[in-house]
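Peer 1: Chain residues, written in single-letter form:
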Amino acid sequence: MARILEDVGKRFLAEAGIMVPESVTIESVSELDEALDHLEGDVVLKALVPVGKRGKAGAIKFPVDREEACSQAEKIFAMEVREFPVEKILVEEKVAINEEYYISAAYDKKAQLPVVVASTAGGIEVESMSRQHPDQIKKYHVDPFIGLPDYKARELWAELGISGGLLRKLGQLTSRVYHVFDKYDCTTLEINPLVVDEEEELLPADCVMATDDLAIFRQPELEEFVQVGSERLWRPLTELEKEIVEVNEADPYRGTARYIEVEGGEIGFMCGGGGGSLVMFDSLMRLGERPANYTEFGGNPSADKVYGLARGIISKPGVRGLLVCCNITNNTQVDKVAEGVVRALKELDKDPQEFPIVVRYAGVNDERGQEIFESAGIEYHGEDITMPEAARMMVEKIRDKNSAGRS
Amino acid sequence: MGILIDENTKVLIQGITGREARMVTKHMLDYGTEVKAGVTPGRGGQDVEGVPVYDTVRAALKEQEINLSLIYVPPAFVLDAVQESLDNGIKLLVVITENIPQKDVVKCLRLARDKDARIIGPNTVGLINPGAGVKLGAIGGDDPDRCFVPGTIGVISRSGGMTAETSWMAKRAGRGVSISIGIGGDPMIGSTPRDLLKLFARDDDTEAVIMFSEPGTHFEIEVAEYLEAGNFNKPLIVYVAGKFTEDMPAGTVFGHAGAIIEGEGSKPSAKMERLRQAGAKVVENYDEIIDYIKEI
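Quick note, the sequences are listed as chains A and B, same order.
Under my numbering, think of the first position of the first sequence as 1, with each following residue one higher.
Under my numbering, think of the first position of the second sequence as 408, with each following residue one higher.
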């Protein structure tokens, strides 16, 4: 999932025939004057960051005059909104609000179908909306092969008590919103609020759009907006994380190496398999230790990829040992894992006598893998122990080392 | 016998000429699986490990008896491949491919429901019946016997790697497996744990089931409801991985793409509690699986 910023999302809506508020995107305060010249009347300033709840974070402002706009823009540019620095501000005409509605399209994972949600109680967070106004919300499961015809959308709004010209406009707009959702392989497209002004014109005041990073191959227009590797994180990538994204992308078709930095922790965590990594992290936490990072690797990576990942894990400051563990592999070659790990340890000058290492890796070519590990002085385990047993060994080793260091 | 696959399984592999599919074809044949045909458009007339390759599923079905399609085509072509098998009347499909766009997955699953067909996956390591010597997909690699020995325990796992490890735990406890199934790691999959438990409930060769779960999804709540309805009278041992993710900042995905926590009910601790109430044997430490197996 990749978040598309509000200005781009609104551009896509406009291209689908939906009227959106006039706006200008600025990248520095010096561009503000020109933006204000271009727009008539009052404006709103919004930080363009890929996270929600910007209002609460103070990243949306309604200045009363130019002077205040300038000082507020300066403040917003200096902010980090949930760790994302503000690089752009959307300067947008302020819309006159009569009513606030809500429209979204997303996938209902349980029904395994797209779902469109409409509500006449927009303008608040969707969680509170569902809690406080369940009677003002209607849902419709869309046939993915048919899409959302205008009439279906009108039925939805009619059930919410809408009639007259507004019903026609809402039907058309909702159908177009679904069209954008479908066209750009979105996972979510939410307009909240959808403002109804004094003249019963509809204007999306916000647009939250997330697209499916797995569909980027057929969405060339979206490519520039999506940062590879950021789709699963709650914050911008750290330097080490970026480095390992590069390691992974250098050979994208062989094996996977994912790395997430975790605050604190002494144990370098190099565990394989999506599920296996979860088991190992849980096992270490149960024993009262916190790993220095999270990883998943597998799918038969090359020795180079293993090396790049190992190097990254070990080089995080504060790492005092390494746990290399995986479920018994279906296809990952254990000798390649051994080659990569041993090379990283040698290059970073880590002596297994001083830098505790536990390996539990059974599977394809494990006899050769065992030889490589053992000839580098590393204790090797295969099918003789279980995964939680490897975690316990690691914890014992690192605690021994720490108490020896203190005495 | 077991569920889904047995001695009578006759396999077609869509995308058989790809690098990984070729290797898997060899391993499947070595294990004794009847791979009758492959399909790669434009490669008709060739063969892979002695298996004839056809241009279309229709052409393959004219010459071969097939009752299962194993799909190895790249993500962009999965929807078309699934549609082709379904339209040609195949009722059991195993979709190995990962990284399929969500929109295409939704369409595949929708079509399968319309045709009353079953999909395992997508994004699965496959499934194996060691008693019958049948395996589909990379599961077990070139040495399935290392983890999968014949026995009476069913395994259902969200994680491919842990399908093998969990089956190996059964072996370590002195038992073996009837069928081990990787259900796939995507947010939306064709056969959920509840769907499979319904089959295991009726299978005389399965005495107990082990389930390996991850954060996210409503699957475990469904399983708990199913247990409470009294339809499953065999021991169900469950390990839910990823408890630590509850202490991590929201928004990060650990484990599979499907492991996004949405709502309280999809948190590991909530799943464990709910399943425990419903009568499942919920394991805190993964090693305890062995103790529970020994009690069966």
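Misleading hints may appear alongside valid ones.
Under the rule of at most 25 Å between Cα atoms (straight-line distance), these lysine-lysine pairs were calculated in the DSS-like manner [stated by the list, open to error]:
| id | chain 1 | residue 1 | chain 2 | residue 2 |
| --- | --- | --- | --- | --- |
| 1 | B | Lys605 | A | Lys152 |
| 2 | B | Lys650 | A | Lys75 |
| 3 | B | Lys443 | B | Lys510 |
| 4 | B | Lys514 | A | Lys183 |
| 5 | B | Lys522 | B | Lys650 |
| 6 | A | Lys110 | A | Lys56 |
| 7 | A | Lys110 | B | Lys701 |
| 8 | B | Lys514 | A | Lys139 |
| 9 | B | Lys417 | B | Lys510 |
| 10 | A | Lys138 | B | Lys443 |
| 11 | B | Lys417 | A | Lys183 |
| 12 | A | Lys110 | B | Lys510 |
| 13 | A | Lys110 | B | Lys443 |
| 14 | A | Lys88 | A | Lys110 |
| 15 | B | Lys469 | A | Lys110 |
| 16 | B | Lys510 | B | Lys469 |
| 17 | A | Lys139 | A | Lys88 |
| 18 | B | Lys510 | A | Lys152 |
| 19 | A | Lys94 | A | Lys75 |
| 20 | B | Lys510 | A | Lys138 |
| 21 | B | Lys522 | B | Lys417 |
| 22 | B | Lys510 | A | Lys139 |
| 23 | A | Lys152 | A | Lys183 |
| 24 | B | Lys522 | B | Lys498 |
| 25 | B | Lys578 | B | Lys514 |
| 26 | B | Lys417 | A | Lys110 |
| 27 | B | Lys688 | B | Lys674 |
| 28 | B | Lys688 | A | Lys53 |
| 29 | A | Lys110 | B | Lys674 |
| 30 | A | Lys75 | A | Lys88 |
The hints are simulated quantities; they were obtained by calculation from the structure and are not laboratory data.
Peer 1: Does the structure break any of the earlier hints, and which numbers would those be?
Peer 2: When the structure is compared with the hints, numbers 1, 2, 3, 5, 6, 7, 9, 10, 11, 13, 14, 15, 16, 17, 25, 26, 28 turn out to be violated.
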